[in-house]
Amino acid sequence: MKAVFNQTKLPGNKVFEPFKLAGITFSNKIIRSATFEGVGDENGKPTDQLIKKYEALAKGGVGGIITGFIGVGQQGKASDNMIMINKSENIETLKKITKRMHEMETPVIAQLNHCGGQSKEESAHMPIVAPSKISDYKAREMTKGEILEVIEMFVEGIKNAKEAGFDGVQIHLAHGYLLSEFVSPRMNIRKDEWGGSTENRFRIIKKIFEEARKEVGSFPIIVKMNGYETLKNGMTIEESVKIAKLLEQVGCDGIEVSNGTLKAGLATMRGQVPWKMIVAQNEKLNKMPEFMKNFVGIVAKKTVPQPQPKNLYNLQAAMSIKKAVNIPVILVGGITKLEEIEDLIDNYKFDAISMSRPLIIESDLVNKFKTGRQTQSKCIQCNFCIIGCEKGPLRCYYGKVPVIKS
1 MKAVFNQTKL PGNKVFEPFK LAGITFSNKI IRSATFEGVG DENGKPTDQL
51 IKKYEALAKG GVGGIITGFI GVGQQGKASD NMIMINKSEN IETLKKITKR
101 MHEMETPVIA QLNHCGGQSK EESAHMPIVA PSKISDYKAR EMTKGEILEV
151 IEMFVEGIKN AKEAGFDGVQ IHLAHGYLLS EFVSPRMNIR KDEWGGSTEN
201 RFRIIKKIFE EARKEVGSFP IIVKMNGYET LKNGMTIEES VKIAKLLEQV
251 GCDGIEVSNG TLKAGLATMR GQVPWKMIVA QNEKLNKMPE FMKNFVGIVA
301 KKTVPQPQPK NLYNLQAAMS IKKAVNIPVI LVGGITKLEE IEDLIDNYKF
351 DAISMSRPLI IESDLVNKFK TGRQTQSKCI QCNFCIIGCE KGPLRCYYGK
401 VPVIKS
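Heads up, the sequence shown is in full-length UniProt numbering, so the first residue is 1 and it goes up one at a time.
Don't take every hint at face value.
What the hints assert, rightly or not - Derived DEER-like restraints, expressed as beta-carbon distance ranges:
1) T375 to V296: 23 to 29 Å
2) E17 to E290: 28 to 34 Å
3) N43 to T143: 25 to 31 Å
4) Q49 to D192: 40 to 46 Å
5) E290 to E390: 21 to 27 Å
Hint data in this document are derived by calculation from the structure and do not stem from the laboratory. Glycine is no exception: its CB is placed at the ideal position from the N, C-alpha and C atoms.
Please take these sequences and the hints and turn them into a complete structure.
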């Protein structure tokens, strides 16, 4: 999918002006997009490292922060170091984080997620479920009762996020996790009221919004959704526009447009195949002779899907959604230059943009943009950060494999 990028800029700079979303005031239009931080303890309680990361982002000038995904229920857990919001002791710790962010005048939104078929049994300690039983998936098909339980999990998670002091929540409807699986025609092949038509596949989202609004009123609820999927029979831009319209109808306050699933290689991230980091993280692969490791790298580069382009790869989908709805639309994906951001805000009329990898390497990138010290991110899209956070805190590796303790 080729992005159509217009280099023409309008006079003035709206990027660093505040903007409002459902009553939340962001100091500028560059938001830190959700990225798994890998800093939860064995009980899903955030460690002190999380507040330090957010303090650095706030000092660095971001307009606001969307947390890495926070789990709403044990069955949807994908990692031992995943933060969970379904425990009262964790809520108390999250209160300290939101309090600190508000002291720094930085709004913070909690991204809530159930990892569905991408959950891991060794972390969840229970069988993995998905909307449908797909041949290449370990997950079994959910019962109707389990679907209702998931709705309750998300509603409870939204209530807990409000109690914890978050300015709003973002429901994770992207990247092949449970709710993304429900709306995907490829991943949801159910024959009952929870599958089939667009409206039926969207039903679980509708129910979450309806029940949540009864509990939290006008508390801001936004969504991160796929604008398309690079998979056969997956989500198309046309289908995503239908989903976006349904989101607006049920009272969604804003949409962040992303794409892809873990099954589609680098669709979500783009950039380099981080095969060296994958080998380093895997105990068996890491013990292989060097020539075998290099062979793994050759195979990975040839077999892992690497969609193009590497920059602004969600632009067309986001443009289609922006034209179809009257709620704020935020673009994420491969945004690295200030001139791109200016163009996206001034000419394409996006309400804001979001980024993550550029802020992993430079938490103060927004301030650098604002003061003119820098006009482009130093991120090389090595994607080592995405692999590294499975076993340790999120950080930039800049293409260098660390010494990983087994």
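Here's how the hints hold up against the structure:
no.: 1; hint: T375 to V296: 23 to 29 Å; in the structure: violated (37 Å)
no.: 2; hint: E17 to E290: 28 to 34 Å; in the structure: violated (53 Å)
no.: 3; hint: N43 to T143: 25 to 31 Å; in the structure: holds (28 Å)
no.: 4; hint: Q49 to D192: 40 to 46 Å; in the structure: holds (43 Å)
no.: 5; hint: E290 to E390: 21 to 27 Å; in the structure: holds (23 Å)
Going through the hint list in order, the structure does not satisfy hints 1 and 2.
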